[in-house]
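Participant: Let's have the full structure, built from the sequences with the hints guiding it.
Single-letter residue listing:
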Amino acid sequence: MIDVKNLTKHYGSKIALNNVSFSAKEGQVLGLLGLNGAGKTTTMNIITGYIGATEGTVLINGFDMISEPAKAKASVGYLPEQPPLYPDMKVKDYLDFACKLKKVKEGDRERHINRICEQTGILNVCGRVIKNLSKGYRQRVGLAQALIGDPKVLVLDEPTVGLDPSQIIEVRTLIRELGKTGTIIVSSHILSEIKEICDRVVVLHQGRMIADGTPGNLSGMIHAPNKVVTWVEGDPDLVNMAVSSLPMTCTIRETGQKEKGIYEYEIKGPENTDIRAALFRAFAKADLPMIAIKGGDISMEDIFLRLIEDSNKEEEAK
Amino acid sequence: MTAILDREIRAYFQSPLGYIFVGVMFLFTGYFFFAYNLYGNTTDMRGIFSTLFAVVLFLIPILTMRLLSEDRKLKTDQLLLTAPVSRTAIVLGKYFAAVCVFLLSIMSTMAVAVVISHLSKTEWPVVFGHFIGLILFGNTLIAICLFLSSFTESQVIAAIAGFAVSFFLMLIDTLAPVINIKIISRGLEGLSFQNRYTSFTLGILNGADIVFFLSITVMFLCFTVASMEKRRWS
Numbered sequence: 024m025i026d027v028k029n030l031t032k033h034y035g036s037k038i039a040l041n042n043v044s045f046s047a048k049e050g051q052v053l054g055l056l057g058l059n060g061a062g063k064t065t066t067m068n069i070i071t072g073y074i075g076a077t078e079g080t081v082l083i084n085g086f087d088m089i090s091e092p093a094k095a096k097a098s099v100g101y102l103p104e105q106p107p108l109y110p111d112m113k114v115k116d117y118l119d120f121a122c123k124l125k126k127v128k129e130g131d132r133e134r135h136i137n138r139i140c141e142q143t144g145i146l147n148v149c150g151r152v153i154k155n156l157s158k159g160y161r162q163r164v165g166l167a168q169a170l171i172g173d174p175k176v177l178v179l180d181e182p183t184v185g186l187d188p189s190q191i192i193e194v195r196t197l198i199r200e201l202g203k204t205g206t207i208i209v210s211s212h213i214l215s216e217i218k219e220i221c222d223r224v225v226v227l228h229q230g231r232m233i234a235d236g237t238p239g240n241l242s243g244m245i246h247a248p249n250k251v252v253t254w255v256e257g258d259p260d261l262v263n264m265a266v267s268s269l270p271m272t273c274t275i276r277e278t279g280q281k282e283k284g285i286y287e288y289e290i291k292g293p294e295n296t297d298i299r300a301a302l303f304r305a306f307a308k309a310d311l312p313m314i315a316i317k318g319g320d321i322s323m324e325d326i327f328l329r330l331i332e333d334s335n336k337e338e339e340a341k
Numbered sequence: 101m102t103a104i105l106d107r108e109i110r111a112y113f114q115s116p117l118g119y120i121f122v123g124v125m126f127l128f129t130g131y132f133f134f135a136y137n138l139y140g141n142t143t144d145m146r147g148i149f150s151t152l153f154a155v156v157l158f159l160i161p162i163l164t165m166r167l168l169s170e171d172r173k174l175k176t177d178q179l180l181l182t183a184p185v186s187r188t189a190i191v192l193g194k195y196f197a198a199v200c201v202f203l204l205s206i207m208s209t210m211a212v213a214v215v216i217s218h219l220s221k222t223e224w225p226v227v228f229g230h231f232i233g234l235i236l237f238g239n240t241l242i243a244i245c246l247f248l249s250s251f252t253e254s255q256v257i258a259a260i261a262g263f264a265v266s267f268f269l270m271l272i273d274t275l276a277p278v279i280n281i282k283i284i285s286r287g288l289e290g291l292s293f294q295n296r297y298t299s300f301t302l303g304i305l306n307g308a309d310i311v312f313f314l315s316i317t318v319m320f321l322c323f324t325v326a327s328m329e330k331r332r333w334s
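Going down the list, the protein sequences come from chains A and B. Mapping to my numbering: the first sequence position 183 is 206, numbers consecutive. Mapping to my numbering: the second sequence position 88 is 188, numbers consecutive.
Any given hint could be a false lead.
Said to hold, decoys possible - Below, a list of computed lysine-lysine pairs in the DSSO-like style, where the Cα atoms sit at most 30 Å apart:
no., chain 1, residue 1, chain 2, residue 2
1, B, K330, A, K28
2, A, K158, B, K175
3, B, K175, A, K175
4, B, K173, A, K37
5, A, K123, B, K173
6, A, K154, B, K175
7, A, K94, B, K173
8, A, K94, B, K330
9, A, K37, A, K115
10, B, K330, B, K173
11, B, K175, A, K126
12, B, K175, A, K123
13, B, K175, A, K28
14, A, K113, B, K173
15, B, K330, A, K123
16, A, K115, B, K173
17, A, K154, B, K221
18, A, K128, B, K175
19, B, K221, A, K126
20, A, K175, B, K173
21, B, K173, A, K126
To be verified - These stretches of chain A come out as covered by chain B in the derived footprint (C-beta under 8 Å, 3 or more residues):
no., segment
22, 61 to 75
23, 86 to 100
24, 119 to 125
No wet-lab data here; the hints were simulated from the structure. Beta carbons: idealized from backbone N, C-alpha and C, even for Gly.
Facilitator: This is the structure:
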């Protein structure tokens, strides 16, 4: 459905994208993950034909975006970072304009627009002027515009930005539903969102592709069993002793008293070692009740740092 | 193309801009009609048309300033450029929208002609000659200003650039006689919009003048498409 090959984009001397290739099949939701400035929006702009790549090709449904733009664009719906709305138009007129642009047959337009308004939950604002809508509604009108013409391929740049929690759930459900029959590319810098809606994740960093896999692979990186945050009841000295009695060398750091006599600790073991069970046994033996235990929070940055490290090592190995 | 044309014309009249533009043209034409024809006691419309040259010169940049720059500012160009519509169709749609509003506004002269025709015998071929001249001149200026609006996302800058071009076009006639170098002064004379336009107001329908305006229009429309294409690759 979407075939992206060796995309490279230069802005002057700055390299925004460096040799990015991936493809997505029908029935797949692909997530583009990356920090701000990683090249997500550039990638999406190239896929939808808004800008051209310095090198590389984009095939949509087998049509090349450069040599057969009309055919390729006809099967793509795009919701850019900032929804492309005309503030002076009414929602219905705007969607009607989108229908004409995307060549929806005149007889079907009314029904088509109504269906999409219902899907995106904007039926009640259909008659209103866009500039008077709240940010969440504008975002959804933008999404409705992308759905006009029932495109096979949907490209959504951070579709849930500006929505309230219940709307976020609605939109995610909608994306999953649409993903069953079409191909969707979603970008986000929110890891949990990507995990929830995508079958596949491509991670970009500084214009390079540093990972391509299922969310499962990524969450393996999210859980770091060698890092634990725990609340333990008892004397901190005893806790320190219990930790030093562990078979592996661990570092422990007290991060404060949480309740009376209960302290929070951050314990870190050697890389790639699960210290949780050993920790439990050690504390049980020392008669120190563990009140709470959770895996160490790994931030987005941690994952990126690790991925970048990995990719650098790979390059060195080559 | 029709979708864009339709939306742009609506956009002109969803904001006050379209009404003000048409209103101001009618106001000026009305005033010149009073000054030249009623006060001067003549049926000759040459006066109206030759003074409208300057009015059109300074009103067209206002008409065209929003055409492409507004889309860049609102990011709606992403909607247009990712839809299955060619850049040429986008440019033509926007161009003809401005042309339609312009045509509507210079209907003021036709209204005047109809009034005159009730008072005395009107030489319609001459009036239409004037009118064709005004259409060609306005359309050419719209194409030039459309091209300018493709460079910036600020409507104000687009308008100011348009005024600068208009000013240059006015200046060109005073510049040509002062320059000694013959090639340059001949070249400037050849580029003069006023000379070309004046022959229409004299009632001369000269093929060379028509070709001049049409070819500059087409040239700047091509430049506009090229300018959009360039932005895609930069």
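Participant: Look at each hint and say if it fits the structure.
Facilitator: Hint check:
Under the criterion of a C-alpha separation no larger than 30 Å, the hint pairing B:K330 with A:K28 is consistent with the structure, at around 23 Å. Distance hint between A:K158 and B:K175 is fulfilled; the C-alpha atoms sit about 16 Å from each other, no more than 30 Å. Proximity of B:K175 to A:K175 is assessed by CA-CA distance (about 23 Å); at most 30 Å being required, the pair is judged to hold. At roughly 24 Å between alpha-carbon atoms, B:K173 and A:K37 fall within 30 Å of each other, so this suggested pair holds.
Under the criterion of a C-alpha separation no larger than 30 Å, the hint pairing A:K123 with B:K173 is consistent with the structure, at around 22 Å. Distance check on the hinted pair: A:K154 and B:K175 sit about 14 Å apart at the alpha-carbon level, within 30 Å; holds. At most 30 Å may separate the alpha-carbon atoms for a hinted pair to count; A:K94 and B:K173 meet this at roughly 27 Å. Between the alpha carbons of A:K94 and B:K330 the distance comes to roughly 22 Å, so the proposed pair stays at or under 30 Å and holds.
For the given pair, A:K37 sits about 41 Å from A:K115 by alpha-carbon distance, which is inconsistent with the 30 Å threshold. With a CA separation close to 18 Å, the supplied pair B:K330 and B:K173 stays within the 30 Å bound. Straight-line distance between C-alpha atoms of B:K175 and A:K126 comes to about 21 Å, which keeps the hinted pair within the 30 Å bound. Between B:K175 and A:K123, the direct Cα distance comes to roughly 19 Å. Compliance with the 30 Å bound is thereby established for this hinted pair.
About 27 Å separates the Cα atoms of B:K175 and A:K28, which keeps this hinted pair within 30 Å; it holds. With a CA separation close to 19 Å, the supplied pair A:K113 and B:K173 stays within the 30 Å bound. Under the criterion of a C-alpha separation no larger than 30 Å, the hint pairing B:K330 with A:K123 is consistent with the structure, at around 26 Å. For the given pair, A:K115 sits about 22 Å from B:K173 by alpha-carbon distance, which is consistent with the 30 Å threshold.
With a CA separation close to 53 Å, the supplied pair A:K154 and B:K221 exceeds the 30 Å bound. For a cut-off of 30 Å, the pair hint linking A:K128 to B:K175 stands: about 26 Å separates their Cα positions. Straight-line distance between C-alpha atoms of B:K221 and A:K126 comes to about 50 Å, which puts the hinted pair past the 30 Å bound. Proximity of A:K175 to B:K173 is assessed by CA-CA distance (about 29 Å); at most 30 Å being required, the pair is judged to hold.
Taking the CA atoms of B:K173 and A:K126, the gap is about 25 Å. The hint holds against a cut of 30 Å. With a threshold of 8 Å between beta carbons, the proposed coverage of the segment 61 to 75 of chain A by chain B holds, since 6 of its residues qualify and at least three are required. Proximity of the segment 86 to 100 of chain A to chain B, defined as three or more residues with a beta carbon under 8 Å from a beta carbon of that chain, is established by the 6 residues found. Check result for the segment 119 to 125 of chain A against chain B: holds, 5 residues qualifying (beta carbon to beta carbon below 8 Å, three or more required).
Checked against the numbered hints given earlier, the structure breaks hints 9, 17 and 19 and satisfies all the rest.
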